[in-house]
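Going line by line, the protein sequences match chains X and U. Add 245 to the 1-based position in the first sequence for my numbering, that's all there is to it. Add 6 to the 1-based position in the second sequence for my numbering, that's all there is to it.
It is worth saying that the hints were derived from the structure and are not from the lab. There's no promise every hint is true.
One side only, chain X facing chain U, incomplete, derived with CB under 8 angstroms [to be verified]: (1) Tyr280; (2) Pro283; (3) Phe287; (4) Phe290; (5) Leu344; (6) Phe345; (7) Leu348; (8) Tyr351; (9) Met355; (10) Val359; (11) Leu362; (12) Tyr391; (13) Phe393; (14) Leu394; (15) Val397.
Think of the CB as a built atom: it goes at the ideal place given N, C-alpha and C, for glycine as much as any other residue.
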Amino acid sequence: MARGLPALWSVLVSSPFIMLGVYLWTLDETKPSVYGIPFFLFGGFIVVIGLYIRLVAAPDPPTLQRGEEMIDTRNPAQRVAIAKVILGLPLLGLGTYLLFETLVPYVYPMAAFVVGLYVFSTGLLTYWRNTLTTYYITTDRLIKEYRFLSLVRQEVPFNKVRGVQQRKSLWETLVGLGNVTVSTGGGSTLTIRIRNVYNSTSFADTIRSNLQR
Amino acid sequence: MPTSVTRRRLLTTAVNMIGATTMLSSDVALAQQSESPWPQFQYDAGNTGYTTAVEVPDAEHVQRRWRYNADGSIVGAPVVGNGSIYVGDGSGNVNAVDLETGERQWTFPAGGNPKVALLDDTIVAVSGCNTGSCNVRALDPENGAEQWIQEDVGSRAPLTITNNLLFVGGAAALNPNDGSIVWETDQGDSQIAPAVADSTLYTPTAKYDQAELAAINAGFGDVAWTGSLGPNDGTNASPVATENRVYASSSNGSRVRVPIRVYTPEGEQITRLSDSVEGNSLGIALGDGLYYVATSGLEAAIRAFNTETGTEEWSFKVRESEAAEYDGLGTPPIVVGEHLYAVNGLDGNRVYAFDAASGERVWTHQMETGVHRNFEGLAAAGGALFIGDSSGNLYAIENRTADTPTVASDTDAETEVDVTETESPTTVSDDTTETQPQTTTSRDPSDKESARTTMPTTATSDQSADEASSAKTEFQRGFIANNQIEGPLAFIDSFLLTVGGFVLSVIGIFYQLLEGED
Chain X
246 MARGLPALWS VLVSSPFIML GVYLWTLDET KPSVYGIPFF LFGGFIVVIG LYIRLVAAPD
306 PPTLQRGEEM IDTRNPAQRV AIAKVILGLP LLGLGTYLLF ETLVPYVYPM AAFVVGLYVF
366 STGLLTYWRN TLTTYYITTD RLIKEYRFLS LVRQEVPFNK VRGVQQRKSL WETLVGLGNV
426 TVSTGGGSTL TIRIRNVYNS TSFADTIRSN LQR
Chain U
7 MPTSVTRRRL LTTAVNMIGA TTMLSSDVAL AQQSESPWPQ FQYDAGNTGY TTAVEVPDAE
67 HVQRRWRYNA DGSIVGAPVV GNGSIYVGDG SGNVNAVDLE TGERQWTFPA GGNPKVALLD
127 DTIVAVSGCN TGSCNVRALD PENGAEQWIQ EDVGSRAPLT ITNNLLFVGG AAALNPNDGS
187 IVWETDQGDS QIAPAVADST LYTPTAKYDQ AELAAINAGF GDVAWTGSLG PNDGTNASPV
247 ATENRVYASS SNGSRVRVPI RVYTPEGEQI TRLSDSVEGN SLGIALGDGL YYVATSGLEA
307 AIRAFNTETG TEEWSFKVRE SEAAEYDGLG TPPIVVGEHL YAVNGLDGNR VYAFDAASGE
367 RVWTHQMETG VHRNFEGLAA AGGALFIGDS SGNLYAIENR TADTPTVASD TDAETEVDVT
427 ETESPTTVSD DTTETQPQTT TSRDPSDKES ARTTMPTTAT SDQSADEASS AKTEFQRGFI
487 ANNQIEGPLA FIDSFLLTVG GFVLSVIGIF YQLLEGED
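Next up, chain U with everything else stripped away, as it sits in the complex (with noise of 0.2 angstroms):
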């Protein structure tokens, strides 16, 4: 594996690099971090996603808590701790949000679109640009006061937090108890959250058309090494590491297969044909032998494959074609327990769990809107499963219990909104999920075609995971009908549509132009 090393920012940050050397001589790993319920983007340092440690809405039905309306969309991945629930918004606020009942705590104007992270429950960092600057703050979970800044650092980056570092992307390092910067490098991704493991930073970066994944030493900022993601056509995925492994993968347009890259922490790639996944990958997320993969473009689709031999498990299609509009999945799936939580973004409004081990599906929860292009990854914690939509509605879901009325905040007069498919799952359609009563329970069980769609996806081979996955295909927009997907797929699909349309008026305006009047 080639090697690089950079050392550009050593000399100048000697003496943060003393303090770095100190914090990493204790006893304490890098990669794991604060002790809140949900501290960070994907749970943890190292991007995982997967926790045992915190309850979830994993019954049969479930309900919507509370749901808090913010001033503009919801971004960047919520953080649980401390009683609250902390995300930011479009409208460059960061929102402290009561975990119970979803009242405003308190709001902090950080700038656009800010990213927040949680250290031991007395630290609210956050990240957030204002007309060019980017600053990195530390904020009083208790009133939102401001505690220290830092100027400058990274553009729009999320943050990653271990007890003693705070990453701002994969570009600099901070000391979190007072901002100051340990190190910084170009040679990390600024808009991707890195992952954190065995004091090694993994981050994608860009060489020209090649993006790669680069190991970088999480406590002096150099370079051990760097790996190939493949062509570099924007790569979107923030990569995951264990001790053991690091998954990443590279975006490569919209419908194409693109391979996951394994590698050791040593640099060594862990070459897998099966574990490549159609279209784009927008997040990994790692369970109990498994790791999954969230994909978009032709197909948007939830994969799971075997961590030991790259084998798929199972898959779930959320919808082919023009499905999920190309931007698809909106973020990675997570994994509490035994159940694997994964929002269809954009198109479907839904969020979905499922049995992380076969891939049968428990519970879809519809939503009023899409979720933001820029909101970037579900939350759990205290029984209830975190997402915030692009309407700035930020929605706590929990289990149903029966003789329980729906609680619902000061903000939300709404009936309850619940698709839960347990018993007897349907084909949701757009036209029949909003606003359904509490009261409704399973539907006739005795509907074949509801009945078909509760086969699990666990594949025996490709084509019955093929037929698996379409079973529980939902509303599909058809040429004639809806729901019958016929015809080429230049007449299912709104973009080759407009694009075939104005293609052929183009020519023929042309030659028309060129033969003059007849």
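Excised from the complex, chain X in its bound form (with noise of 0.2 angstroms):
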């Protein structure tokens, strides 16, 4: 089951869709009953998309062998996220609103329906990845797991860590976020990228002391 409440949140982020598509469909009498109808689809998507992460996707943690502890668990920030639908529901709404209610040239709407639904949808995708995203640093390994359909898991033994690579953009640093890049050496390099957590100093630096053991 996955952490948060991607169900509560997905509903909560469709409800406009809903709401727009109930509208058209049962009482807006001066529009085609049918332009509720992609409304409707898209907010029913996301509430199912929802539901699903809630009930079924998201890993179980990991099974730790004899004598190995787990030290941290860190799930990538939602900030980005949520920003992104924010600002993206106006830009759907001018889209929308341009293009049913006025008669302005159809470019004016697309374009800003299109940028809307673009920015709207990054930001939807990246809170679903990231509920199902989980980072675990324990004694020997560190592990990041990911199960939509299917399990992803990397993981990467500390004893053939030759790089930790931390990184911060002005934004992140802004909003208290950050990355760390973890990398083992040698001719197929596996690369295991932490994006968006909180103190990812500290979580660095945790990574550096098991390294040192």
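Can you join these two chains into the complex? Each is in its own frame, and there are hints to help.
Printed below as a string of structure tokens:
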């Protein structure tokens, strides 16, 4: 079962689409009812995926080996995702308004609609992927797990780590987020990117301290 | 033709049958009705929408005689008689309005979206539903007093009236004098006005995925024959019947050609391939040697066909693509004398008058909002054309007299709204048509674009018909600029734009969720 409240959040985010769809289908008699269908279905898609993630998806914690202990568990922060969704909704609203309530040439509502939908969708995707992603630091390994339909588990034994990179953009510095990249050396380099975690410095330090053992 | 006879209600309504038989034995034909100027939906029991008996605004310029404001959207079809016009509104009221002044005379709370018909200026028949119970009533035209009520008959059914019988959709027949049930059947459609001609009632029915036309004995309610109307995807056009022909069609989605089925009264189908129309058929009206079909869907148009050969004589495209909003021309056209009147319902808010024979447009009148989806038909009488919109306005449109100022009712404080296009009709955009002062006359006759639109759409070939129709196409929303239609259909269609955007978004999200983070 996924962390957080993906189902509740998805219902909240989908509500403008579902309400607009119902309004266009039943109440707004100045426009064809079918105009409500795509909005209603898109809202329904968000609800269904949110419920699926809440009930089915997200991985179970990894099985620890003998003598191995869990040191830290992190999930990506949702601030960026939420910001994108909040930014995308007004643009989508503007596009919808221009499309249905005005007679301006289609290029204007289409531009607002496409940009708004892209920003909103990437925010939605980021939120769900973050929900489905968990980082584990044990005494022996760094593990990244992701499961939607199938499970993807990446792990790096600390004795093979050759580098730890920490990055903070200006924006991430302002909101207190950071990225940490852990790489192994050799021919087939395995890299795990830990994105958008709070207190990335302490997280990187935890990894480094394990390397020094 | 397959025949299926149903006598389910025959025994239980035997007494009423005897009464009906007595009425039918008179020399009066069933198909004709009261002497009211416009007694019911599409003028007569056959839904022909055709008369030469009333005066209509047929001059080159028109004006608003009055505007009456009801408590809800104007619904059903207005009827005229007894010096009044009667019409239902979305608040469930029947409104009686003075024909000359537009003043309210009385209202009656009949229930949701009431339908009205008139019998001999003595009975206003009303159907309406309240909290699940659908009733038919008779009201006094003078004061709206209830004369009788028949409860639980039909549902939202339009009323068709003859001298002897009152039909509630195609589902029941009542005695208009006391409301008693003459017959009931489950064979007829209770939502669509049936057509009655020569003692036979024609109504669309649905049999699983197929739509059918049922011919029912109007006096007894038993089915004489049924004929195919094609796939059943929501039949939404009332059939039209005369003594010799029955015209009917069914909706079949919004983007395909649907055939207009023509039957003889005996049930023999007359197949004419050229009669099919693009998009949904929303209504059929008859004229002098022609019948007219209003369509919606991908193409919103009026098409005129020869009643003998089935060939298309002229057409007028209101708009293509997104234009008529899929609900298209909201009502069937009517033909009064030499003129045809039609409404571009939800999108353009316009009423058109055409020369019925040639298709040349005589005038266009702009309303303030579109007609309501439950508005079913125009009415004409006393030199005026009547139409209602979704804002509850009932308009009376009449010929403009040069020296006579606009007559405005108490409820009409606005300037005259008139877009008259005869001497130099122009392409009229939504931005320019509102509140033209009455002093406005023809636009610049030297305007080439304007002159181009004066071409009648009488077609000599398919190509010329299309060209002529295109020449009359009005304001069109374009992709880069309006009135310049270019690019794929998906870019100039609101519905397709939203569908395309959401589908791409869903695919992208789902694909990246499967992939996980890179």
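message: For each hint given before, does the structure comply? Return the numbers of the non-compliant ones in rising order.
response: Violated hints: none; all satisfied.
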